[in-house]
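**Q** Chains A, B, C and D are the protein sequences, given in the same order. Positions 77 to 551 (the numbering used here) are the ones given, in order, by the first sequence. Positions 77 to 551 (the numbering used here) are the ones given, in order, by the second sequence. Positions 77 to 551 (the numbering used here) are the ones given, in order, by the third sequence. Positions 77 to 551 (the numbering used here) are the ones given, in order, by the fourth sequence.
Keep in mind that the hints are not guaranteed to be accurate.
The list treats identical chains as interchangeable, and a pair is accepted whether it falls inside one copy or across any two copies.
Below, a list of computed lysine-lysine pairs in the DSS-like style, where the Cα atoms sit at most 27 Å apart [stated by the list, open to error]:
id: 1; residue 1: Lys230; residue 2: Lys213
id: 2; residue 1: Lys230; residue 2: Lys532
id: 3; residue 1: Lys313; residue 2: Lys532
id: 4; residue 1: Lys231; residue 2: Lys480
id: 5; residue 1: Lys213; residue 2: Lys231
To be clear, the hints were calculated from the coordinates, so they are not data collected in a lab.
4 protein chains.
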Amino acid sequence: MISSAEYRERITALRPNVYIDGELVPRTDPRIEPGVNVIALTYDLAQEPQYDGVFTATSHLSGDKINRFCHIHRSADDLLKKQEMTRLYCRQTGGCIQRCMGTDALNALSVITYEADQLHGTEYYPRFLAYLEHFQKQDLCANCAQTDVKGDRKKRPHQQADPDLYLRVVERRADGIVVRGCKAHNTIAPYADEIIVVPTRFLTEEEADWAVAFAVPADTKGVRLVCRPTAFRPRQKLDAPIAHYGDVESFTIFDDVFVPWERVFLCGEREFGGPLALLFALYHRHSYTGCKPAGTDVLMGMAALAAEYNGIAGADHVQHKLAEMIGVAELVYAAGIAAAVRGQPMRSGTFIPDVVFANVGRRHAGEHIYREFEIVADIAGGLAATLPLEGDYLSDENGALIRKYLMRNPAISAEDQYRCFRLISDAICSSMGGVAQIAGLHGGGSPVMESITLLKAYDVELRKQAAKHLAGIVS
Amino acid sequence: MISSAEYRERITALRPNVYIDGELVPRTDPRIEPGVNVIALTYDLAQEPQYDGVFTATSHLSGDKINRFCHIHRSADDLLKKQEMTRLYCRQTGGCIQRCMGTDALNALSVITYEADQLHGTEYYPRFLAYLEHFQKQDLCANCAQTDVKGDRKKRPHQQADPDLYLRVVERRADGIVVRGCKAHNTIAPYADEIIVVPTRFLTEEEADWAVAFAVPADTKGVRLVCRPTAFRPRQKLDAPIAHYGDVESFTIFDDVFVPWERVFLCGEREFGGPLALLFALYHRHSYTGCKPAGTDVLMGMAALAAEYNGIAGADHVQHKLAEMIGVAELVYAAGIAAAVRGQPMRSGTFIPDVVFANVGRRHAGEHIYREFEIVADIAGGLAATLPLEGDYLSDENGALIRKYLMRNPAISAEDQYRCFRLISDAICSSMGGVAQIAGLHGGGSPVMESITLLKAYDVELRKQAAKHLAGIVS
Amino acid sequence: MISSAEYRERITALRPNVYIDGELVPRTDPRIEPGVNVIALTYDLAQEPQYDGVFTATSHLSGDKINRFCHIHRSADDLLKKQEMTRLYCRQTGGCIQRCMGTDALNALSVITYEADQLHGTEYYPRFLAYLEHFQKQDLCANCAQTDVKGDRKKRPHQQADPDLYLRVVERRADGIVVRGCKAHNTIAPYADEIIVVPTRFLTEEEADWAVAFAVPADTKGVRLVCRPTAFRPRQKLDAPIAHYGDVESFTIFDDVFVPWERVFLCGEREFGGPLALLFALYHRHSYTGCKPAGTDVLMGMAALAAEYNGIAGADHVQHKLAEMIGVAELVYAAGIAAAVRGQPMRSGTFIPDVVFANVGRRHAGEHIYREFEIVADIAGGLAATLPLEGDYLSDENGALIRKYLMRNPAISAEDQYRCFRLISDAICSSMGGVAQIAGLHGGGSPVMESITLLKAYDVELRKQAAKHLAGIVS
Amino acid sequence: MISSAEYRERITALRPNVYIDGELVPRTDPRIEPGVNVIALTYDLAQEPQYDGVFTATSHLSGDKINRFCHIHRSADDLLKKQEMTRLYCRQTGGCIQRCMGTDALNALSVITYEADQLHGTEYYPRFLAYLEHFQKQDLCANCAQTDVKGDRKKRPHQQADPDLYLRVVERRADGIVVRGCKAHNTIAPYADEIIVVPTRFLTEEEADWAVAFAVPADTKGVRLVCRPTAFRPRQKLDAPIAHYGDVESFTIFDDVFVPWERVFLCGEREFGGPLALLFALYHRHSYTGCKPAGTDVLMGMAALAAEYNGIAGADHVQHKLAEMIGVAELVYAAGIAAAVRGQPMRSGTFIPDVVFANVGRRHAGEHIYREFEIVADIAGGLAATLPLEGDYLSDENGALIRKYLMRNPAISAEDQYRCFRLISDAICSSMGGVAQIAGLHGGGSPVMESITLLKAYDVELRKQAAKHLAGIVS
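If we strip away everything but chain A, and leave its shape as in the complex, we get:
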C-alpha cells in the first residue's frame, strides 16, 4: 500500500488532459485539489492500525495486505466490511469517498469476464487477473466511466442520429481496439490513475460494437477530461476540514482512443453488455448503502448541533425529525447488511450482494435525500441562507456587532456558533449542496431505475399465488 504522497506524485506526473472552463490545467490546479484530498485520505487512513482489517483486506491473488478499495469480495463478510469502511470514510469527509467506483467496476469485471470466457472461450478473465494483480500491487485508484451521454432517450444506441452517443468500438486492430464516445456524470476522473469503462445498458444483436469494457491510464492519448469542479466557499481565516473536500465531475471524452488487447475485457459479446452494466450498478448500489447513511450521519449531526445552539434540542418536533433521519440512515444500512448476508458467490469466486435488498436500500436513500436537506433547513432556520459573510464577521467595522447579534446560547462562543451555521450554509445552501442533492438522487441510478430493477428481480408471482390460495382460486 502506497502513501498519499506517492498517490499525489503519481497523478501529478500524468500528461495534462484536464480542461476547466476553457483552459488546459495541470492536475495540481487548486480547483482539483479538494477532490485529491478525499482520495488521499483513503491512502492515509488505510495505514492506521485502528482501521486494519476494515480499510484493508488480504488479496486472494497474492495473499498480501492491500487497500480494501483494491479488493475482490470473496464473502458476505467482505461486503459487510466494504459497507462499514464506506460509512466510516464518508462520515469523515462529509461526502462521497469516490474511490468506491473503481472497486465496484473491478468486482463486476471479475464476474463477467469469467462468464464470458465460459461461453465464448475468450481470455478475458486471465487478462483481467493480470490487470488486477498490477492494480493491487500499485494500489491504484480508478474511475469507472459508465453512463453514456445517451442522446435521444427513446432510442437505442444503434438508432441514434449519431452512433457515438453511446461509446463504441470504431476499429479493431491486431494490437488492440479504437474506441469513440463520451461518458458523462463522471466523478473522480481527473485525479484517478485509471479509467475503467463498462457499458451502460442491455444491448441488442445490432449493438455488438457497443459491448465493450476496458481500462486505460487516465492520461491516455485521446482521452479528454472536461471538468466541472465543485467546492465549498473558500475560507479566509476560519478554516475547517469541510473546506478541503470536494469533487470534480467530467465529460470523459474518448476521441478515438487506442486500447491494447491486454486491457480489453469485453469486445463484442453483446449479451454480456447488460449483465455487466447491471452488475456494476448492483455493486455500486450496495456501496451507497454505506455512504448514504454516512451522509445522513453528517446532516443529522448538523441538525442536532443547530438545535442545541438554538436552544431547541428538546423540542418535540426536532426530536421527531431526528428520529426520522435515524430511520433513513439505518433502513438503508440494514438493507446493505441484508444484501451482504443474503448475497452469493459467483462461479469466479466473487461474492455479489442480493439484488432486491441492495436496490430497496439505494432507492430508499434516493427517495429521502431532499427530505433530509429539508429537515436540516427546517431545524437550522433561515440563517443558513442569510449568514453574514466571513469578511464582515472578521471586520473591524461590523465584526463586533455581528458577533453580538449572532449569539444564541451564551455558553457557546460566537465563533463556534458562526462555524456551525457556516458549515450548514456551505452544506445546504451552496452549489455543493445542489450537487449533493442531485448525486443523492441520481448517483448509482435514480429511484426509478431501482424500481425497474426490483420489478424484474422480484417474485411477484409468489405473492399472487398467496392471494389466490386465500381466495380459493385454483387455476
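Chains B, C and D: place on chain A using the hints.
**A** Chains B, C and D alone, transformed into the frame defined by chain A:
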C-alpha cells in the same frame, strides 16, 4: 410436539371464562374458531418435513426437537429462522400468526429473570427454567398480556385515581401472590393455554407493586376474558381459506387472581419493570419484521391479481405502486435481518436483536400500513366496496346477469373474478380490514413509541461530533 | 318542497325491484333504512329557517323556492352555496349526503342538451327543461348512474367481447329507445325516485350507440337494483345518531329498459358523450370539495375528542396531526371556493366550476383519505379495534369491571368514554369505514383520473415559455 | 408613478451604509445589481397598458393611479389583484419580486395604528396616513424588517442575556425615539428607499420597550446593512434573463438609530405588538399564495422543457410528476383566492385575508418546496450537476465535442439544449437554488409557524361537537 387435534382438545377442556357480547361461551364457540384455526396451523405445519429446522428448533434445555415457538433464541441464526418462520406462516394465513407473543415473552423473561437474580439473589431464573421445560414439553401456546388499560395517560401508575388501572400485586402470601388489574388489546387469550403477564412501562420507587411478571393457565380462577372476535364475512358456497382465519381480542381481567410462587417471575424489583417491558417489546418488534412483510406479500398479491384481472398489470402507475410495496416489505425484512446479525448474547445465553434495527424496521411497517391498503384499493378499484353479495351472485334471479357484468378478462372465469374481488373486499373493506390497519399501526408499539425508543438508543452525539469536526469546532 | 314523510311514502310505493343477498325486498327493508334516513334529512332541514337560502334556492324556471338539490346553478354564488350546503349536511350525518349526484347530473344535462341542440338541431334542451320543471315541482331525489362495468379496461366499448359491458341503445323505436347494460358503484339507487343515466367516457365514431343519456323512474320495468347495504354495527341500548345513517350501493342493471323519447337527453351524438361524462364529473368533483371537508371535520372531531379523553390533547404530536387535518379540509374547501369564483357561465346560462381548481381539490381529498383514518387511529389508539362489545358493557357479569377499566379521565362518565370509542370503532374499524376509505379514494373519480383531467386542461406550454424566456431560448 | 431610472437614481443617491464581505460598497456595486433589476421591473411594467388595473390601483387617499405595491387593500378584489400581480411578476423573474414586503407592512400598519388610537387615544393612524400619502406620491419601495435575531429561542425578549437581541427603544426624547437591535433574514434592504420596522412576536407587560414600529429612510444614520448577495453564476457569452436577477439578504443593524415621532407608528402599546406581528405575517403569507405558484410555474416549465429535450415528455412518470406540481401551484393559489373572498374589512377600512385559508396555503407551499426541486432534478437528470462549464462549451479545443455529445433531440440546437440545462443547473444546483429552497421553507414563516397559527384560529371545538353529536354524547 403435539398435534393440532391435541391442542384443540386441550383448550376445549379449559374452564369456561370467555365472554362474548354479554354471554359466557365455551371455547368451541364458532366466533372463536377462526382464531383457533390460526394456532392449529402452527401445530400442523411444524410436523411437515419441508419446514424442519425452521418451524422447529432444538431445545437448549432438553436437546429435544421442539416447536420453534417454544424456543429460546441462542444465536443470530435463531433470530433469522424465527423471522423466516413468521413470514412463511403469515403468508399462509394472510394475517397475524399470533403465537409469537408467547415466544417473545418467554425470551424476555429468560434474560430478565437471570439479571434480577444476579442483582437481588432471587430465584426467578431457575423457576423460569422449570416453567420453560414444562412449556416446551407440553408444546404450550401462550398469550402475553402486557398493555395495561392505563387510565389517564398523563399520570403514572401510582398517581391514577384508581390504582388498579395498571395491574398490580394486592396481596403477598406464603404460597403466592394475588394480582388485580386488566390488560387490554390482548390477542389470542381465549384460545391460548397460558397467559404470561409482564409490565407495560418503567416504574418508579413508589411502584414496586406494579413490578410483577408471572404466568397462569388461561382459565385460572379470577381471570375473565371479555372478548371481541373479528372474522371475515361468512361464506355461503364460495368457500375459501381466508374465511377460516380470524382473531379475537380481549380485555383480560384479573379479578384478584392467585398466582403460586413457582409461576411468579418478578415481584417488586421495580428497576426491572422497564427493562422487561422494553425487552418484550424488542422481541415483539423483531417478530413484526417477519409478519409485516408477509402482510405486504398478501396485499401485493391481491393488487397484482386485481391488476391482471382488470387488464392493467402493465400500466406504469400499477408497476410503480407494486415497486413501492416491494420496498416496504423488503426494507422491513432487511431491518429484521440486520437486527439479528447485529444482535448479541445476554448473560443468560439468550440472544437479543439489535434495538436500532428492530425499531426502524417495525416503525417503517407501521408508517406504511395505511398506504398499503390505499394502494390495493387504488389498483382494485371501487368494486371492493360495491361487489354484489354472494346471495345475489348465486341467485337464479340475478346470478347470470351479475356474472355477465362482472367479466373483465374473458380468459378468466366469472367465479375466479368474483373470488378475487371477494377476497379483496373481505380484506380491505371490512371490520377485519379495520383491525388489520389498526394492528399494523399500533400492534407491538406505535411508530411514536419506536421513535422514542430510537432516540434513547441512538448515538446522536457521535453524529454531532462528526459535524463539529467538519466545522472546525473543537470544544 | 315536500316533507320527508312524503318522500318516504313515495319511495315505499315504488314497484319492488330491489334485491339484497338473493332476495327481492321492499324499500322498507331495514337494511335500506339508514340510506333513506340520510335523504330524509335533506327534506327536513330544507324547511328550517336557519338554512333558508343555503339549503333552498329560487328556481330560474318557475321563480319558486325549491330545494337547492333541485337547482340549476346560475352564478358563482350558487356554486358557493351548494358547496356550503354540502359541508353542513355531511357534518350532520358524518358521511356522504348522497343526493348531490342527481343535482350534478341535472346541471351537466342543462349544459350539454343545449349544446347538442345547437350543433344538431335536436330538441334535447326543451325536453330537459320540461323534465326539470317536473323534477323541481315534485322535489324529486335522483340517482345518477354513470360508471359502466367496463370489462377489459384496455379495450374501448365497441371492442369488448360483450358489447353490453358499456350501457347502450339496443333498439330505437317511434316512441322511445331500449337500453341494455349495467352501471356499477351506484349509490342511492334503491331509495331514489329517479335514475339519471349519463355516459362514462369519450366515444369514437363507432360508438354512437353508447352515447346515450336519459332519466327513468327507479322502478321502471327492466331496472334491477342488486344492492349491497352497509351500515354501522347495530346498537342494543346505547343509541346514537351515527347508527341511523348508512348507504346502499348497487349494480344498477338495465335489462332491456324502454325509455320514452321525452326522457331521452342524448342518443347517438357521440361527440357529446365525453363532454357530458366530464361535465358530470366536474360538478361531482366540485361537490366533493364540500363533502370531503365535512368528512375531515368529523374525523378531526373524533381525534380531538379521543385525545381529550385520553388526556393527551396538548401533546405536540397530537396538535400537529390535527393541524395536518385542518390543512386537508381547508385546502380542499379553498379549491372549491376558487373553482366557484373562477367558474363561468355556459351558453345555456348554467354556471360551471373551474376545471383546474375543482380537480386539484378533489384529488387532494382523495390522496389524503387513508392518511386521515391513520391519524384518527394513531390518536385514538388500539381501543378502536379492541373495545368490548355492548353486550358485555351492559352485562351484570362484567359491566362494572369494564366501566372501571375503561376510565381515562375521571371527570368524564364511563358511558361517554365508551360512546366516544364506540363511535370511532364504528367509523374506522368496520365495513362502513372501509366503504368510506374506498369512496373517499375513488368516488367521483380517483386521483389518477383527476391527474389526467388536469394534464389535459392545464397550460403547461405557458410554463415552458416562462422557462424558455429565463433561459434565453427564443425558438 | 416613477420610472425605473428614477428609482435607480434615487437609491444610488443614498448615503453608503451597505457592507459586503468586509467592505463598504456603493449601491451600484455589481453584486447588488441583480436585486435592483428585480425592483426596477416593478416600476417598468406598471407603466404598461396591458397590466393596468392589476399592477396599478387607485389610491383611496388621493384618488390617483398608483403602483399597486403602494396600495392599501379595500376589498376582496384588491387582494385578488395583488395575488394575481404577484404571480405574474414572479413568473417573469423566476423568483421573489421582493417589493411585496413593504406593501404588507403598510397594510398591517393601516389596521393596527387605527386600533391603537381607538384604545389609547394616540395619533398613530393620522401619522401613518401622512406617511402613506408621501409614500404613494413618491412611489417608494420599502423593506420590512421584522425578524429579530432572537438569541436563545427558549427565552422571551426581556429574559435574554443581551436585551438588544430583540430590537427595542433605548431612549424616548421630545422629538423622537432611539432604537437598538438587529433584524435578520432581511431581503431587499440595500436597494429599498425605506425600512419599515415591526415587532416579531407577542409581548408581555415587561416588554413595552420592544413594542415599537416605525419607518426610516434606508440610509438613516446608525443603520448598517451587512449584506449577503446571491446571484446566479455569471455568464460569459450565453446571456439570459435569469442571469440578471438575484437578491441580497442583510443583517439590518440599528446601532442607536434616531426616529422622529412622525415616523413612529407604535411605541410601548405592548398589546399591539403581537397583533401587528401576526397581521404583517398574514398579509405576507397571502402574498406567498401569489409568488409560490409562480415559482412552481417556472420549475414546472424547466421540468417540462427538460423532458421534451430528453424525449421523455410523454412518459407516464413524467406526466404524473407534472400533475403533482400543478396540484401544488393551484392549491396554494386557490387558498389565496379563498382567503381573499372570505376576507373582511377592518375598522380602518382596510381589507384583510382570511387567516385559515392564507395559512393553509402558505404552509402547503412551504411543505412542498423541496419536493418541487426534487421533481425537477428527477426529470432533468444528473446533467444539472455535471454540465460542462461555459468556457469549455465555447472553447476551440473542446467546444465542438461538447456540442456533439450534448445532443439529445436532433431537432433542437445544441445551444438551446445547453441553455436549457444551464438554466436548470443555475436554478437547482447553485447557491441561488439553496436560497430558494430555504426561502421557500422559511420565508414568511415556516410550516411549523403556520400550524401554530392555524391551531389558534381554527374552531376545533365545532368539530368535536359534530363528533359528540354523532356519538350521542350530550354533555
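**Q** Does each hint fit the structure? Answer for all of them.
**A** Each hint, compared with the structure:
Taking the closest pair of Cα atoms, lysine 230 and lysine 213 never come within 27 Å of each other, the shortest separation being 43 Å inside a single copy and 59 Å across copies. For a Cα distance limit of 27 Å, the shortest separation of lysine 230 from lysine 532 qualifies both inside one copy, at 20 Å, and across copies, at 23 Å. Taking identical chains as interchangeable, the C-alpha atoms of lysine 313 and lysine 532 are never at most 27 Å apart, the minima being 53 Å within one chain and 38 Å between chains. Proximity of lysine 231 and lysine 480 under a CA criterion of 27 Å is satisfied inter-copy only: 17 Å between copies versus 61 Å inside one chain copy.
Taking the shortest alpha-carbon separations for lysine 213 and lysine 231, neither the intra-copy value of 42 Å nor the inter-copy value of 61 Å comes in at or below 27 Å.
The structure shown violates the earlier hints numbered 1, 3 and 5.
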